[in-house]
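Order-wise, the sequence lines are chains Y and D.
Sequential numbering from 212 applies to the first sequence in my numbering.
Sequential numbering from 26 applies to the second sequence in my numbering.
Watch out, some of these pointers could steer you wrong.
[What the hints assert, rightly or not] To list a few chain Y residues with every Cβ distance to chain D over 12 Å, as calculated:
| # | residue |
| --- | --- |
| 1 | Pro250 |
| 2 | Asp264 |
| 3 | Gly457 |
| 4 | Gly484 |
| 5 | Arg507 |
| 6 | Asp526 |
| 7 | Gly548 |
[As the list claims (entries may be wrong)] Derived contacts from chain Y toward chain D, CB cut-off under 7 Å, selection only:
| # | residue |
| --- | --- |
| 8 | Gly221 |
| 9 | Glu225 |
| 10 | Trp226 |
| 11 | Gln228 |
| 12 | Ile259 |
| 13 | Ala291 |
| 14 | Asn292 |
| 15 | Gly322 |
[As the list claims (entries may be wrong)] Listed next, with one range per pair, are the computed distances between beta-carbon atoms:
| # | chain 1 | residue 1 | chain 2 | residue 2 | range |
| --- | --- | --- | --- | --- | --- |
| 16 | D | Arg86 | Y | Gly415 | 26 to 32 Å |
| 17 | Y | Asp534 | D | Val56 | 32 to 38 Å |
| 18 | Y | Ala261 | D | Pro27 | 18 to 24 Å |
| 19 | Y | Glu315 | D | Ser55 | 37 to 43 Å |
| 20 | Y | Glu315 | D | Glu84 | 45 to 51 Å |
| 21 | Y | Asn435 | D | Ala109 | 51 to 57 Å |
| 22 | D | Arg86 | Y | Arg507 | 33 to 39 Å |
| 23 | Y | Leu456 | D | Ala77 | 35 to 41 Å |
| 24 | D | Ala109 | Y | Val528 | 36 to 42 Å |
Please keep in mind that the hints were generated in silico from the structure rather than gathered at the bench.
Positions of the beta carbon are idealized from the N, C-alpha and C atoms, including for glycine.
Spelled out from the first residue to the last, the chains are:
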Amino acid sequence: MSANVGRPFGDHDEWSQAPSDVTEFLEYAEKLGWGDGLPLVPPTAAAITAMLDAAGLDADESLGVMPPAEGLVTAAKVAANAVLAGCTPQAFPVVVAAVQAMLEPRFNLNGVQSTTHPVAPLVIVHGPVVERVGFNARAGTFGPGCRANATVGRAIRLCLLNIGGARPGEGDRSTQGQPSKYTHCIAENAAESPWPSYAVEGAGLSPSDGAVTVFGGENPHNVNDHVSTGAVGILSTVASNVAVLGANNAHYSGGEFFVVLGPEHAATAAGSGFRRRDVQMWLYEKARLSLGELKRGGMWGMQAWPAWKDSETDDGVRLPLVDSPDDFRVLVAGGPGKHSSVLPSFGATRSVTRRVAVADGQPRGTRGT
Amino acid sequence: MPTIEVFSPIGQTRKVDDSGVLPLPGPSASVIGILENTKPNARWVMEQAARAVTADRPEARLVPERKNSASEGVNEDTRDRILAAANVIFTGSGD
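Bound conformation, chain D alone:
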């Protein structure tokens, strides 16, 4: 079968440097941030997930923040606020 040499059009992806990533706080997390994306029921779903994760720790506190819109990444003010307040943050993949 005659062949030709071709170049892949698929983009290479960056190698993620995860050396600075902190380990998950795990059972010690006491403040759960919820970054909801404004869509109907988003906050309810995330709160349910957070409550399930912290079911054995009734003292755990939820800190909700709302993005400006579901279509954009979180702005810096909101991001910094929730980062300062929470040990763990529940959010969407875009953020």
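Bound-form chain Y, shown alone:
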């Protein structure tokens, strides 16, 4: 990059003079195609530098290339989008880790960005960074009211728009989109989980690690069960949300389901002696569709699933919607109440969990993970 006098990073033509008035700045940014339709914070050098300092990253450090526009992902560009979104510097290492996770090949970001499916990356935050940065893991974790959840999720979306070129109708060909394309970030409620943290048991990280998981899926589908008093009852209700013909998982069994249990449902399941593995096994065995049902619509005829399924000829045989029990990704989030969520997958994507490195009790970016 060329040197800039008075500009700490980037090329000369990447800097501009913008109105400082809040309303006029929004109009300016929208004309340049920077936004998501909501108000934006000006990405000044000072604000971007504060982000970079919090993550211990150099401005020009490359994190990869983001499809479909093949935009170069530098730390400064991610930081600029985090500033636009209203992130705090303390939360920025989480944004960086989530971006790095999305760029891993198994996430298939090109497909996630450009499909007609409404998929949006869900960011799940785990470990000590939840409390330190102030993420909401409890009541309303998927909803509004918490700056960390709202702005980290929004920063991810702005990166996908501005670096990856996922403008609706252009790089993003989603037929209808979904609200989680604005922001989609929750935190694991490890304190009220009857099982070890998802990042520990599911991804092999240490309890002292801060971590993020990214998952390419749909909006949460509510699971309302106010009556069941045991695991089988709760999971039967969950299974009714899993085994649906219209989800991509029905015919693309290489994907996953995220099953985000509310603490009360999780406690009920655990009260029946169910560990996380039992929940996964039960759903794998019970949350199925018959071959006859699968032939009725969805993506029948273009299914991408293992060869053994193609060998089945009995319309009554009930087929699993994932390739392995492990593909039911189970964690606890939310607050009091008898509700949980199921999030079907885009299908051609795998979730990625990545550590947010911590030094001296503070997040310091993700280098070396």
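Following the hints, position chain D against chain Y.
Relative to chain Y, chain D alone:
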């Protein structure tokens, strides 16, 4: 009007090195590869397009290959097979 200096959040894109790109075979192409993405009618549409392009050359042959899914790029085996067989390949933008 008071102003502030701001940094563009738009990602720069890589400059494509097209020095190694071969010219299109044009009228001499005799084998047309069709990489269809599994979606209903995809193959029909691509075959129609290929037939239109080769309308004045009835001897032109179509070689179809099918991706594993519309949501992923073509795998290496399929890619190599169609590259070896065809002069020109009709495919989607993702591939």
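The hints, checked one at a time:
In this structure Y/Pro250 is separated from chain D by more than 12 Å, as the shortest Cβ-Cβ distance comes to about 15 Å. The beta carbon of Y/Asp264 sits about 15 Å from the closest Cβ of chain D, which is more than 12 Å, so the claim that it is off the interface holds. For Y/Gly457, the requirement that its beta carbon stay farther than 12 Å from each beta carbon of chain D is met, with the minimum near 16 Å. Y/Gly484, annotated as away from the interface, keeps every beta carbon of chain D farther than 12 Å; the closest lies near 38 Å.
Every Cβ of chain D is farther than 12 Å from the Cβ of Y/Arg507; the closest lies at roughly 15 Å, confirming the non-interface assignment. With a cut of 12 Å on Cβ distances, Y/Asp526 stays outside the contact zone with chain D, its closest approach being about 21 Å. The claim that Y/Gly548 is not at the interface with chain D holds, since no C-beta of that chain comes within 12 Å of its own (minimum 35 Å). With its C-beta approaching chain D no nearer than about 6 Å, Y/Gly221 sits inside the 7 Å limit, and its interface hint holds.
Checking Y/Glu225 against chain D: minimum C-beta separation of about 5 Å stays under 7 Å; hint holds. For the restraint placing Y/Trp226 at the interface with chain D, the shortest Cβ-Cβ distance is roughly 6 Å, inside the 7 Å limit, so the hint holds. With a cut of 7 Å, the hint placing Y/Gln228 at the interface with chain D holds, because the nearest CB-to-CB distance is about 4 Å. With 7 Å as the threshold, the beta carbon of Y/Ile259 comes within range of chain D, its nearest partner Cβ sitting at about 6 Å, so the hint holds.
Here the hint on Y/Ala291 is kept, as its CB sits about 4 Å from the closest CB of chain D, short of 7 Å. This hint holds: Y/Asn292 has a C-beta 5 Å from the nearest C-beta of chain D, less than the 7 Å allowed. Below 7 Å, beta-carbon pairs count as interface contacts, and Y/Gly322 has one with chain D at about 4 Å; its hint therefore holds. The hint said 26 to 32 Å for the Cβ distance between D/Arg86 and Y/Gly415, and at roughly 52 Å that hint is violated.
Distance hint for Y/Asp534 and D/Val56: a CB-CB separation of about 36 Å, consistent with the stated range 32 to 38 Å. For the pair Y/Ala261 and D/Pro27, the supplied restraint of 18 to 24 Å holds, since their beta-carbon distance comes to about 22 Å. Restraint check, Y/Glu315 to D/Ser55: a C-beta distance of roughly 41 Å satisfies the suggested window 37 to 43 Å. At roughly 46 Å, the beta-carbon separation of Y/Glu315 and D/Glu84 lies within the given 45 to 51 Å, and the hint holds.
In this structure the hint that Y/Asn435 and D/Ala109 lie 51 to 57 Å apart at CB holds, the actual value being about 55 Å. For D/Arg86 and Y/Arg507, the Cβ-Cβ distance of about 37 Å falls inside the hinted range of 33 to 39 Å, so the restraint holds. Under the hint 35 to 41 Å, the C-beta atoms of Y/Leu456 and D/Ala77, about 36 Å apart, fit the expected range. Distance hint check for D/Ala109 and Y/Val528: the Cβ-Cβ separation is about 39 Å, which falls inside the suggested range of 36 to 42 Å.
Consistency note: the structure conflicts with earlier hint 16 alone.
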